[in-house]
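> Listed here are the chains, written in short residue letters.
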Amino acid sequence: MRVVNMYAEVDPEKCTGCRVCEKVCPTISIKVVGEKKEKLAVVDLNTCVGCGACVERCQFEAVVLKTLDESRIISVNPHSVDEEKVSELCIKARLHPEQIICYCTGTRAEEVAAAILMGASSPEEISRMTGVRTGCKVECIQPILRLLKAAGIEPKPIEGGWQWYGITPTIWDIPEDVIKKYSARGFYFEEDRALFKKLLDTVKAGGE
Amino acid sequence: MITRNIKFNQPVKPLPPKPSRYGPDPEYIKTRGCDLENIVSVNVRELFPDIPENIYPSEKGIKAVRDATVAALEKVDMSMIKPGDSVNVLGSHHGFTILGGEPYAEMLKTIKDVIMEKTGTENIRLRVGVGLRFRESDEYIKRFGLDEYFNKRAIGVAPIDEGIPIETEIGTLYGIKRCYDADWIVHAHNSDVREIHFHRHVDRAVKPFGMSYARIETRSTYHQNLGPRGANFVARAIFNSEFVQKKWTFATFLKPTPAGIASVDADNDLFALDERLSIDNFRYYGKILTLLSHIDECIAVLDFQAPIPYVFSAGMIFANFSAASIDVFDLDYPLPGYTWYTEAFYGEGDRPLIPDIPPVNPAIKAMVINYAWGGYPSVFWAKMIPTIVVGEWQAEVFRRDPQNVEFMKHAVVADDLPTAIEFAMKIADTDKIIIFDGAPGAINVSESLAEELVEKAPDVDREVEQKLLPKWCRQRGIKLEGYAGAEAH
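So the protein sequences, as listed, match chains Y and S.
Heads up: the first sequence begins at 1 in the numbering used here, then just goes up one per residue.
Heads up: the second sequence begins at 1001 in the numbering used here, then just goes up one per residue.
Hints listed in this document are in silico derivations from the structure and should not be mistaken for laboratory results.
Since the structure is predicted, the reported quantities are computational estimates derived from the model, not experimental observations.
Every residue gets a Cβ at the ideal spot worked out from N, C-alpha and C, and that includes glycine.
Heads up, a few of these hints could be off.
[As the list claims (entries may be wrong)] Short derived list, chain S residues pointing at chain Y, Cβ under 8 angstroms:
#1 L1173
#2 P1228
#3 Q1403
#4 G1482
[To be verified] Listed next, the in silico DSS-like pairs over lysine-lysine satisfying Cα-Cα at most 25 angstroms (straight line):
#5 S:K1075 x S:K1246
#6 Y:K149 x Y:K197
#7 Y:K23 x Y:K92
#8 Y:K14 x S:K1152
#9 Y:K31 x S:K1177
#10 S:K1152 x S:K1247
#11 Y:K181 x S:K1246
#12 S:K1075 x Y:K181
#13 Y:K66 x S:K1409
#14 Y:K198 x Y:K92
#15 Y:K180 x S:K1479
#16 S:K1177 x Y:K156
#17 S:K1075 x Y:K66
#18 S:K1142 x Y:K14
#19 S:K1471 x Y:K180
#20 S:K1177 x Y:K23
#21 Y:K66 x Y:K23
Modelling step: build the complete structure from the supplied sequences, incorporating the hints.
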């Protein structure tokens, strides 16, 4: 769930049409239109959630965040879809359904799983539906990709975009020889695997 | 309570507020925590006399940092860099938060000068990484004139900038392309424990390869995929990759203690440097954090130009203090009271999903935010600790912050700091106050808390030296015996 209380506004006098804003927008809500000297970034206010990625990366200070007259909420109710399927999807991704995966919005794995079950097939669609990945824009891409993969979906990064590049390893993918090699150096992979397993076992057992 | 014969000092004035797009206008910050009644300062060397002498602040001024950097770099091999080669000096925003940032800026400038002198190349660039405030490094580059110093070749880089895949022994991870767009890289960082709740002081010196120089995919792997004690392995995996090793030259670290800057260390061997700084950090920061973790009850006043987790007291950041319901150095504990894995494992209604989750440091009975930035997801603290925000200007920082949209739902606003403290004392039922204001070399606290710290420090000193330090080293495979000590480096 995300409270949207801001939106991005472009200053046409400062915008050079460099397209950096396009490349970093997690909801694909800003696009450069026009040709040559007429190029200008345009914000889609229907999908902009005011995350500020464009503001923060514009080297020309051409984008600012403005306060909405009336805030709105974007969310997916995980209880509005088959809860068993939500749970199955989360467990397949090795995430507890109630586990927080976006520390800025407090979005839990179950909300993203529900969005996928409702048809979302890319991180961008999920961000538009739930608001996940629209706070810091940094820490939550992997659980989103893990949940999509668990649903059998392999989204492609946006061509030319920098939104995201690919799925990365989890603790379950670390080769045994690597675990063995570094366990005496303070990397407690076996013990952390046991912690995650304990967490997931509470779901299988029907909660605490 | 019996106290040693220490006369408490007047509170140490913190640095004045700095203008930043992430914080309130400094004009609003009229009253500081140290201006409150009954606040005194405790010099950290009076608590732990073995903390090494400062090179900065000292009577030698900032030149001491330059001299220490030059001396440290004398033993470093730069022969791989040829005239005309391009070199990226990789820095991080963290260094600029230490003692106002000037020591770190001076170290960066000196590294550039020494590389030029020793190798003959002039193509030296500065790339300064950030965390979640993507323009923070640009502010420091401007403030310290680094763009001019690096001949218009200094830029801030962010984790959402263009990436580059890096093949590692655990699979593909991603770095920031502009960090690696040179023939050679130099790793220029700071050694304080800082986010020990995240890295658990396993490969501390390597961390920026998985953070400041890394893309979102890598950072998300760190905080979501690898677990609370294995997270920092992404940094080692990237550092050990063929891609990075082909560009690797040496590391230079500013070495603070809780009292100030003790030295500068440099080495071609990053892991050797890591072992040295680990022992020093366990000894000095370990004692301070262990002491702070022994506080029974307090009100924490946040009053520094940084987001909530990064405000300082005696060199420790608030996140460490809030995590200190367990010994965060001890790897037998899977989860500290605060880390993102801990936060993740609170279910609906803030119910812990497993019993292994320690609470946020229960000694913190209330949190008063007099001055702090946004730009870091902080709702967790407001939900876990009764929170009072001083002034609408400070509340507005959180309301307008995409990372803290709901923060003020869990906090109340007081018109001024004395009113906030008065209210905090009522709800916390304590007069013990600790101020996170970055005061150099000292902790600003209420007299009641000063007495408690002084009373407990000798036992903490013994506990760390005799029991904890050997254990922390043993857990990480670090050999303590034969280490010459901080001042030898």
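> Hint by hint, say whether it matches the structure.
Structure-based check of each hint:
Look at L1173 of chain S: its Cβ gets to within about 6 angstroms of chain Y, closer than 8 angstroms, so that hint holds up. With a least beta-carbon distance of about 6 angstroms to chain Y, the hint placing P1228 of chain S at the interface is held under the 8 angstroms criterion. Proximity of Q1403 of chain S to chain Y holds as hinted, the smallest CB-CB distance being about 4 angstroms (cut-off 8 angstroms). Taking 8 angstroms as the C-beta cut-off, the interface hint given for G1482 of chain S is violated, the closest approach to chain Y being about 19 angstroms.
Between the alpha carbons of K1075 of chain S and K1246 of chain S the distance comes to roughly 21 angstroms, so the proposed pair stays at or under 25 angstroms and holds. Distance restraint check for K149 of chain Y and K197 of chain Y: the Cα-Cα separation of roughly 20 angstroms lies within the 25 angstroms cut-off, and the hinted pair is therefore satisfied. The hinted pair formed by K23 of chain Y and K92 of chain Y fails the criterion: a straight-line CA distance of about 31 angstroms is larger than 25 angstroms. Between K14 of chain Y and K1152 of chain S, the direct Cα distance comes to roughly 22 angstroms. Compliance with the 25 angstroms bound is thereby established for this hinted pair.
Distance hint between K31 of chain Y and K1177 of chain S is fulfilled; the C-alpha atoms sit about 23 angstroms from each other, no more than 25 angstroms. The suggested pairing of K1152 of chain S with K1247 of chain S holds, with an alpha-carbon distance near 22 angstroms, which does not exceed 25 angstroms. Only pairs whose Cα atoms come within 25 angstroms are accepted, and K181 of chain Y paired with K1246 of chain S is accepted, the gap being roughly 23 angstroms. Under the criterion of a C-alpha separation no larger than 25 angstroms, the hint pairing K1075 of chain S with K181 of chain Y is inconsistent with the structure, at around 30 angstroms.
Simply put, K66 of chain Y and K1409 of chain S have alpha-carbon atoms about 20 angstroms apart, close enough for the 25 angstroms limit, and the pair holds. Of the pairs offered as hints, the one joining K198 of chain Y and K92 of chain Y holds, with about 15 angstroms between alpha carbons and a cut-off of 25 angstroms not exceeded. The straight-line distance between the Cα atoms of K180 of chain Y and K1479 of chain S is roughly 19 angstroms, inside the 25 angstroms bound, and the hint therefore holds. With a CA separation close to 20 angstroms, the supplied pair K1177 of chain S and K156 of chain Y stays within the 25 angstroms bound.
Between K1075 of chain S and K66 of chain Y, the direct Cα distance comes to roughly 53 angstroms. Violation of the 25 angstroms bound is thereby established for this hinted pair. Between K1142 of chain S and K14 of chain Y, the direct Cα distance comes to roughly 21 angstroms. Compliance with the 25 angstroms bound is thereby established for this hinted pair. Of the pairs offered as hints, the one joining K1471 of chain S and K180 of chain Y holds, with about 20 angstroms between alpha carbons and a cut-off of 25 angstroms not exceeded. Restraint check for K1177 of chain S and K23 of chain Y: the C-alpha separation of about 14 angstroms stays at or below 25 angstroms, so the hint holds.
The straight-line distance between the Cα atoms of K66 of chain Y and K23 of chain Y is roughly 21 angstroms, inside the 25 angstroms bound, and the hint therefore holds.
Hints 4, 7, 12 and 17 from the earlier list are contradicted by this structure; the remaining hints agree with it.
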